[in-house]
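So the protein sequences, as listed, match chains A and B. Residue numbers for the first sequence follow this note's numbering, beginning at 3 and rising by one. Residue numbers for the second sequence follow this note's numbering, beginning at 15 and rising by one.
Be a bit skeptical, because a hint or two may be false.
[What the hints assert, rightly or not] With a straight-line cut-off of 20 Å between C-alpha atoms, the simulated EDC-like cross-links for lysine to aspartate or glutamate are:
| id | chain 1 | residue 1 | chain 2 | residue 2 |
| --- | --- | --- | --- | --- |
| 1 | A | 105 | B | 57 |
| 2 | A | 72 | A | 45 |
| 3 | A | 111 | B | 168 |
| 4 | A | 105 | B | 83 |
No lab work stands behind these hints: they were computed from the structure. In this text, all values refer to a predicted model and were calculated from it rather than measured experimentally.
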Amino acid sequence: MRTYWDLCVGFVRTGVTGYGGGPSTIPLIEYEAVKKYKWMTEEEFGESLALANTLPGPIATKMAAYVGFKIKGPLGAFVAIMAHIVPSLVGMLGLLGVLYTFKSSPVVKGMINGVAPVVGVMLAVMAYQFFQKGRQGLASKWMIGMSLFSLCVIEFLNLHPGFVIILFLTSAFVWSTYKESGKTLFTRKQIMRSREEEL
Amino acid sequence: MIYWDIFWAFFISNLLGYGGGPSTIPLIQNEVVNQYKWLTLKEFGDLLAMANVLPGPIATKMGGYIGYEIGGVPGLFIALIATIAPSAIAVIILFAFVNRFKEAPQVKWMTKSVQPVIAILLGVLAFQFFLTAFGEIGVLHLLILGLGSLLLLEKIKVHPALVIVASLFYGGIFLH
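Build out the structure end to end from the sequences listed, making use of the hints.
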């Protein structure tokens, strides 16, 4: 029982103090899981984080699921996820509830209008960061080419972004597998040759 | 079948948002605004702003609230399950079996290959926000709020929640 309580307290704390979405809460989860409650070592946390990153979906809830599951099985995973998301979700329902109750008031209308450009700026900054990350990881010409391709397909042909994402994911998978197998093939050839020479 | 639609919308946007929370935002917008037309772009923007004011993961706040708006309490739970359960279950299963995917080059390249799509989606979304804001509040207020928040967020590094609260005040005072 004590452990469930700890899980609950630990994940409520990370849920209500982590600002800026999932990725920014990761260090807080690490603090609770590694330093405070010593549920796992730092290495183990790092490894599970790397593995969780290979899967799609929100990162914070994946980590909560893993930590909870490790300590207390499926119920632990459930407790950790709920503790992490419920407080902020209740806050969201309350805040928007209040805002929309006074929707017809000109002041609230003004507030809603005032916030739109800020959301625009935040999204533009995120777009820029993704673009820069992509340019470092993929080389500029690929990043620009792939971005233009996505722009054309999604905005001008009006196809679902999922098509482009799945196309890119499969090509990346096939391409990197091919590249890797090329390496091993090459080494195998070398081994064969050196064996032939020995003979 | 509204519940099925809710499930599908959040399942697909979280499944395709490879790389965590932020990359799912434009995908959620695509389902909720473009595909199913449950919200207008402006309403979606309000939600996003409020989600940024509050702490905690963005995807579950968006999912929970939109699910509740569309389908009441069952809608809320369905949206949450669609957002969280597939990846949470996958992470547990993955751990039970192997530990060798994480350094696979395939995974590294797959994560990178999604970045151009997300960058474009976010860019287009930002553009749409500026365009509607231009229509609503005119170019002067748009410039003040846009450049002001860019300066505060990126140069002075003010906390995003504070910038949003400040813009709410600005709007409440000057924009009605």
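Here is what the structure says about each hint:
{"no.": "1", "hint": "A/105 with B/57", "verdict": "holds (12 Å)"}
{"no.": "2", "hint": "A/72 with A/45", "verdict": "holds (15 Å)"}
{"no.": "3", "hint": "A/111 with B/168", "verdict": "violated (27 Å)"}
{"no.": "4", "hint": "A/105 with B/83", "verdict": "holds (15 Å)"}
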